[in-house]
Structures are given as structure tokens and as C-alpha cells.
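Asks: Take a look at the letters that make up each chain.
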Amino acid sequence: MLTWLAILASRVRGLLLGRRLDEEFDREVASHLELLTQDNIGRGMPCDEARRQAMLRFGGPVQIKEQQREDRGLPFIETTLQDVRLGVRSLRRSPAFATVAVLTLAVGITATTSMFTVARAVLLRPLPYAQPERLVEISELNPLKGWTHTVVAPANLADWRARNTVFADIAAYIGVDDRGASEYQVFLSGAGETQPLKGIAVMGNLFDVLGVGPMLGRAFTFDETFEGRDQVVVLAYGTWQAVFGGDPRIVGRSIVLSGRSTTVIGVMPRDFFFPNRSAQFWTPLGVKPDVFVKMRRPHWMNTVARLRHGVSLAQARDQMTAIASELERTYPDTNTKMGVRLETLHGIMASDARPTVLLLSGAVALLFLIVCVNIAGLQFGRGVGRAREFAVRSALGAARGRLVRQLLTEGLVLSLAGTSLGAAMATATPAMLLRIAPSALPLFAAPRIDRIVLLFAATLGLLAPVVFGLMPALASSRVDRLSERTGSASRHTTKVRELLVACEVGLAVVLLVGAVLLSRSLLLLRQVDPGFSADHVVTFKVRLPRTRYPKDVDHIRAFGEIERRIREVPGVQAVGATSTLPLRGTTWTGDATVEGRGVNDYERELRHESVTPDYFRAMGVRLVAGRLLNDRDGAASNVTLVNQTLARKYFRGADPVGRRIKFGRPLEDDPWMTIVGVVADEKQDRMNQPASPEAYVPMPQNSQNPMTFVVRSTNGLDAAIDSARRELRAVDKDLALTDVAPLTDVIEDSIGDERFRTMLLGAFAAVAMFLAAVGIYGVLAYVVSQRSRELGIRLALGAKRQELFTMVVRQGMRPVIAGAGAGLAVAVALTTLMESLLFGVHAVDPTTYAVALSTLTAIALAACAMPALRATRIDPLIALREE
Amino acid sequence: MGERERETKSDVLQGTLDLMVLQTLDAMGPLHGYGIARRIEQISEDVLQLNQGTIYASLLRLQQRRWISASWGTSDNNRKAKFYAITRTGRKQLAAQAQNWERISAVMMRLLRLAQR
Chain A
1 MLTWLAILAS RVRGLLLGRR LDEEFDREVA SHLELLTQDN IGRGMPCDEA
51 RRQAMLRFGG PVQIKEQQRE DRGLPFIETT LQDVRLGVRS LRRSPAFATV
101 AVLTLAVGIT ATTSMFTVAR AVLLRPLPYA QPERLVEISE LNPLKGWTHT
151 VVAPANLADW RARNTVFADI AAYIGVDDRG ASEYQVFLSG AGETQPLKGI
201 AVMGNLFDVL GVGPMLGRAF TFDETFEGRD QVVVLAYGTW QAVFGGDPRI
251 VGRSIVLSGR STTVIGVMPR DFFFPNRSAQ FWTPLGVKPD VFVKMRRPHW
301 MNTVARLRHG VSLAQARDQM TAIASELERT YPDTNTKMGV RLETLHGIMA
351 SDARPTVLLL SGAVALLFLI VCVNIAGLQF GRGVGRAREF AVRSALGAAR
401 GRLVRQLLTE GLVLSLAGTS LGAAMATATP AMLLRIAPSA LPLFAAPRID
451 RIVLLFAATL GLLAPVVFGL MPALASSRVD RLSERTGSAS RHTTKVRELL
501 VACEVGLAVV LLVGAVLLSR SLLLLRQVDP GFSADHVVTF KVRLPRTRYP
551 KDVDHIRAFG EIERRIREVP GVQAVGATST LPLRGTTWTG DATVEGRGVN
601 DYERELRHES VTPDYFRAMG VRLVAGRLLN DRDGAASNVT LVNQTLARKY
651 FRGADPVGRR IKFGRPLEDD PWMTIVGVVA DEKQDRMNQP ASPEAYVPMP
701 QNSQNPMTFV VRSTNGLDAA IDSARRELRA VDKDLALTDV APLTDVIEDS
751 IGDERFRTML LGAFAAVAMF LAAVGIYGVL AYVVSQRSRE LGIRLALGAK
801 RQELFTMVVR QGMRPVIAGA GAGLAVAVAL TTLMESLLFG VHAVDPTTYA
851 VALSTLTAIA LAACAMPALR ATRIDPLIAL REE
Chain B
1 MGERERETKS DVLQGTLDLM VLQTLDAMGP LHGYGIARRI EQISEDVLQL
51 NQGTIYASLL RLQQRRWISA SWGTSDNNRK AKFYAITRTG RKQLAAQAQN
101 WERISAVMMR LLRLAQR
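Residue numbers (the numbering used here), protein chains in the order written: chain A, 1 to 883; chain B, 1 to 117.
Please keep in mind that the hints were generated in silico from the structure rather than gathered at the bench. Model, not experiment: these values are computed from the prediction. We put the beta carbon where it would ideally sit given N, CA and C, even for glycine. What you were told as hints is all true, and nothing was included just to trick you.
On the chain B side, residues computed to face chain A include the following (Cβ under 7 angstroms): (1) Tyr-34; (2) Arg-65; (3) Ala-81.
Same shape as in the complex, but just chain A:
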């Protein structure tokens, strides 16, 4: 074994020191010959004869040296290096081919690697918690309310914690939107300007459940969950660095958060995030203990639980379902039909992005196939062109294996260049993807290029050309005689290349159909009437700190004052405020009853928002019947507006104005509110969902904090924001406006997922079409050059140039039509899988297929036209003289 190693070491040395060892051996041989000659002279030979005899005895110094060289190094590697040199040289001789091939591969690698990075970040990489696979999210569901997956009620949560034996513990947290982004906002004051921070409020045991401790200081105790002991905060690493300059003595420091003095007790490690990277701090829930005893409505807590060792998700589901039924029996009032749903934390976090990521990964795989087919086609074409070179080399004694090996090495040189370029470009894409997809990709995992991603790129880049290069290599090395350089062999390869083009076209058509379907969905989605008019409107949120604004009346007064001041700014046409801006994902709901209905006939979880009177004018929401709210609708006025959907559902064409509804169930003792008007439906959760019933009550009647202001103004968006900020400061210099966004952006953000996947799939399809066009062009250009003599003869015999044009185009379109047919069939099968991602169109949508086909035809015809034009310009005389 050691001997073997010694040989290898010596051979590697030989490989590296080749030239020096050559010279040394030359000297050794020279000295040997010299000694031999001297001896021969000593035996009485004349000088010349002595030298001649010495050469004879030694036996062919050149062969000996050659032998020595071979035994000394690693011939395999030396040959490969030689092939690489040869490959680079021959690629340099055909720069067009090399450029196209390298760029094609680079594009393929970039797209594939970027998608892999994203897919890995979203779906594959484990979360930064101890044994993350044991973490589970528990949510509640209720068929009566149409809930499939909703936040939980605190008292239910407390009972689960007390009764279950399947979880090590269950923790709760609040302050996230429906995507898991942190919404709980505080204002850090003290040092300089008031600074908003976003974080979440948690139960004291959260970090224990996650199994991650702070890197500095300590985690919360369970007691700190509750009011009175909750003035503590744990900072994210990034917050500690950016906001507190990495202060090493941060633990124990007292800071002012929204007017409350709070002690920093810990800093989490750098890689930690929960529930995603937008959380800058964690602070206790700060609730009264009896919340966990009494409150079975409303539902407002997110949960995360850790499975005990040896307990499966199914077992946990069984026990939790049993507990839920016990609670249902004990508390029929609140818990009827209330079930539980358990999902792995990772599954929940990735669920929004999964369909998009899977769709795009599939698309990019198709694109990469096209790239491979394209390179195979290019190599075929080149192989044909080089047939003569190979025939000569083979005639000079090169074995077929050697020729194939050289072609493969060339392929490797190409792929090395393409892969490096692609990987380099791929390093830039995650940042770009994040910029165009702030919401489509879950923020909990930042896609980044690391060793595994590079390994992935290298594997793809090196494997694909080898696999797809092998076939052309074998075909073009099959040259036995010089005469075969044209004729049947090239006709055969033309057939193969046409087949490859058909494959490319087919794959491209699949992508194209997918992209057109998504684009049409997006277009239709953009045309949907949101129920308000978004132009010239800005929105921002204002939260009043509870220390200085403890009571409802304080809120009502402050918000009213802000609204009044902004209204007086010149150029402002209308300003209003609401507790719930549409399309922002969160809302208030509660059971509600329409007067005159049966005991069990009530609206479950009716959406409601508190608004100021001018909200509707500012948003541009249309009044359908009755009147809007006005300033006389005070705290005790008990009036409400309803949307059209509610009116339709409960009044069926009869006039709802003057009828009454109340929050609460039929037998409960809540005050009745008179419906004074009906307004047009606003889109609520998403643009692609129909509106649900909704009620609007005057803010004084149900005061909320924070409120979102809506300002319609002719001043331009920036000016409107500036003046709003000025007026806000005038009311209270410590207030800040947050979540500033033009209303048009609110709509655009809500269709961010759709836009993201449409853009990406569109880009993939465009690249695919381009590659297909290159393929079509390449084959046809070659065919025309091969047939130039025949075409020349035809011209000489009187064929019209236009006929030739049509003839060539017809030949070029042959593989296109075959490929398109196959592609459409595959598209029908594949696109039905993406039905759930579509809006307003069916997967098998005739318009889409027509658009895709005409796009393809146009591009293919353009690709065919250039070689066909060249065919018509052939000069018969020159063509005939060529042979």
C-alpha cells in the first residue's frame, strides 16, 4: 500500500517537474554514452567507431527517453491537458460556436442555480432551532365559521397545555401578519430621533420550546409572560448591532420602548430568527393571568409546540383532537365544532411559497433541458463541420476512443467556462430575487450562495454537457473514410438535429403556455375592481403609545385631531382613517346577528372595521344606498354601514337601510345598531377572492389603536406624506407614522406573489424561446449551406426565388410543427397541475394556446427567414463552381 503511494507521489512529482527531469535525464544519458565511448576507446576503437558502438549498445536514446517520460509522470493527465489545450485552441478557431455555447450554458446554470438557492432556502434548509423537525404549529379550525387554519383562543391554549402528554411544551406569540412578518411595533426613544422597531410579543417559554438560548444574558421566565413583570425585552443580534452598536454591556441596560422603561435581558445569536427575519425584538405578552382562564373568544394567539421524544405528529393529532372534543363538551357556547390542526412548523412557514417555488423549479428544470438539447445540437452541427478533421486524424491513426475523448474534453472546457460564468452570475441573483419578490418568498430564510449551491452548479454544469455531448461526440467520430465527409452521414445528422430542435420547441412551448397562462391571470387580476380608487392616495399607520393615551377617549381625540389638521393642508381632498386597511391581511371579526333571524341563524365571525366618516371619500368607495357616516355619529349613536355582500346575503334586494344588526349572537344582550347605508364591496384579503360580509362602524363607537390614515391629495405622494408627518408632529412630537405606502402599492403588494411568478416564468419562457430560435436557425443555416449547389441548380433551371424561399422555410418549420404539437399535448397535461395558481382562466384556455402558438410561429418564422433569404441570394454560377 505504501509502495503504491510512493509511486503515485513520484509520478505526480514527475508530472509537475517534467521539463527539469527531462534535462536531468538528458545529462545522465549523455554521461552514460560518454563513459561507454571512453571504454570503447580504451579497447582501441577509433573515436567515431567508439561513439557509434556506444549508441548501439545503449539502444535508441530517443525511445529510451520517450519511455522514461511516460513511466515517470501520469500519461492520462498529460493527455487530458493536451486535449484541453487542443480544445481551447479549436474553440478559439470557432468563436461564434464557443460564445453561443458558453452563454447558453451560463444562462441555464444561472437560472437553475438561482432557483435551487431559493428552493433550498424556502423548502429544504432546516430551521435554526434545536431539532426543528419536532416543532409543530397548532391552530384552530371550525367548519361553522369557515375557519380552516386560524389563531387560537388563550383559554383553549391553557387547557391544551394542562391536559396534553404529547408535547414537551406549547408556547404562544402575537404580532405577526398572515405571512408571519412582525407587526408588533414599538418606538424606541431616548437617544436622538424616535425609532420604530418591529417585533413580536411572546409567552415566557417561547425560547425553551424553540430550544435556543440567548448568546448574551438570559431568556424570559414563564412569570414574565404576565402584566406587571413584562417590562423586559430580548433583542435580535441585528438590532443589538445596528441600534445599540453592539454595546457589550447591553444586558441590564434600561431602554424606553413606546414610553415604557424596559430592561434588556438578552441578545439572541446571530443566526436565530423567529418567526422570521423581520422580528427585531421579543417582549412578553404582558397580559393578565385570567386571560388564560376565561378568554375563549376572540382568537388571537399563534402557537408553536415541541413534540416529546418518540411521539409522532399523528399521535399528537389524535390526542389534541380528543382534548378539543372535551373542551367542546365543557364549553359548548364558544367551542362548538372547534377543532385543532397540527402542522410542522417548517411546513407552515413554507406553505405560502411552496406552489410558486415548485412551479418555478419545474420550469427551470425544463429550461435547463432546453439548454442541454441546444448544446447537443450545437455540438452536432460542429461535429458535422469538423468531419474532415476527424477523418484526417483517424486516417493518421487516431483511435475512435481518442477522438471521442477529445470531443468530450472540449465539452468539458466549454462547460467549465459556462459554469463559472453562470455561477458568478448566480451569486447576484438572490439579492435581485428578494428585491422583486419581497412578499412571495418567505422571509424566514435568506437565499444565499454557499458551498452546496456551488457544488450543485458544478455538478449540473459538468454532468449535463458530458451526457448530452456524448451522443454527438460518438456520432461525429464515426467517420471511417475521407469520402464520408458529406453525403449520407450529414443527412443522418441533419435528421438528428431536427429531432433535437423539435424537442427544444416542444419544451419551450410548455414554458410559453405556462407563462401566458400566468400573464393572463395577472392581467385579469389587475383589471379586478378593488372597490376603491387607488390613484393619488397615500396611507400610513399611527399607533398611540398606551402609557400616554390610556383610554378610548384619548384615542378618539388624538386621531380626530390628526385627521382635522391634515384635512386643512391645501391640496388635500379627503382624509379618513380605518382600523383595517384592505388587502393588508389582518382584520377584526366577531359573531353578529341580523335582527329578526332565528336563534342559530347568525353571521359567524363578521368582519368589521372602525372608520372615521371621511374614510369612504378618501378611499373612493361608492355609496350604494342610504347615507355615509358623519361627525354626529358619536360613541352612543349605534349606527353602522354594511357592504353590498352583506346586504345581498341578508336582505335579498330589500332595502337594508333602517334595519338593525348587532355584534353578538341572537340570544346575547348586545346593543342593536341601525344600518344607515350600504357601500360598495372593497376587496379584503386578496384581489382574487370575492368579498365577505362586512360592517363599518364609526370610530367613537368601537375605538381602535393603531389606525391607518388614508389621504387623497393633489399634491403628489411625497408632499402629501411630508405634510402629514408635519401635522402629526404638531399633535404630538413623539408620534411616528409607519407603514407608509401609496394605495396603488397596497394593491401591487397584494398581488406580489402572482407578479413574481409571472415575471420569472415569463423570463424563463423568453429564454427558452430564444434558445429554440437559435436551434431552428442553426439547423436551417447549415442545411442551406449544404444544399447551396442544389439550390443553385434549381435557380439555374428557372426556379423562382420566392419558391426557394418557401421551400427552405417549409423545411425549417417541419421540426417546429412536430415539436409544437408534442409540446402542446404536454402543456395540457402539465398546466392542469397549476390550476390553483390561476385566476380567471382555465388551464386549458383556447386564447392562451392561440397566443402561445402565434408567438411561437412568429419567432420560428423569423428564425427561418434569415437562412431562407440567404438561399434566395445564392448565385447559381458560384454555387456550381464550388465543387
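Dock chain B against chain A, hints included.
Replies: Frame of chain A; chain B shown alone:
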């Protein structure tokens, strides 16, 4: 591929030459290539006429296995030459191979005698 074929064809001869070189270096101490070749020819009383150049393939093989070492020095008649010397592992190898060779040649002798009868 071709390389392996060549090796198998001349295995015996190579092995024999290697053994001769080792034995020569063990007996004579450090020698240059020409010295080794001449010594082998002398010992064999010119029964074995080799192309002296082939000795270098053998020397390379033995060096790669670290059974001999090489260094530049000055020959008897004041010329620069590369001298080869047997190493410790080389001696061990020589002992093992010599034994092996004796066994095989004994077997061969017996076999040939039997065949003659």
C-alpha cells in the same frame, strides 16, 4: 490501456532486471547507470547482452518504489554522473525477492528435469 498490455508481456523480464540491479547495488555499493549495466554484463559473462538504455526503466521503477535512491556525484575518471544506492526498504525487498526467486527456480529446475525423463 496499451500500457498495461506491455507491462504484462515483459513482467518477468522486468522483474528479473530489477532484481539484478538491486543485487548489484547491494553488492557493489553506489554505482552510476553505466557501472550497473557493465557489472551485470560482466557477471553474466556476456551471456546477457542488454541494451544498456533499458536499465534506466528499471532504475526509474526502483526509485519510484523508494527501493533505491539517486544523487549526482563524480565518477572514477572525474565526470559528473548520477549514482544510485540501495535503500533499507530496497534491501528488505531484495531479501524477499531473492528468496522468492530461489524457490521459483528450484521449482522450475525440478519441473524441467521431470519433463526430460
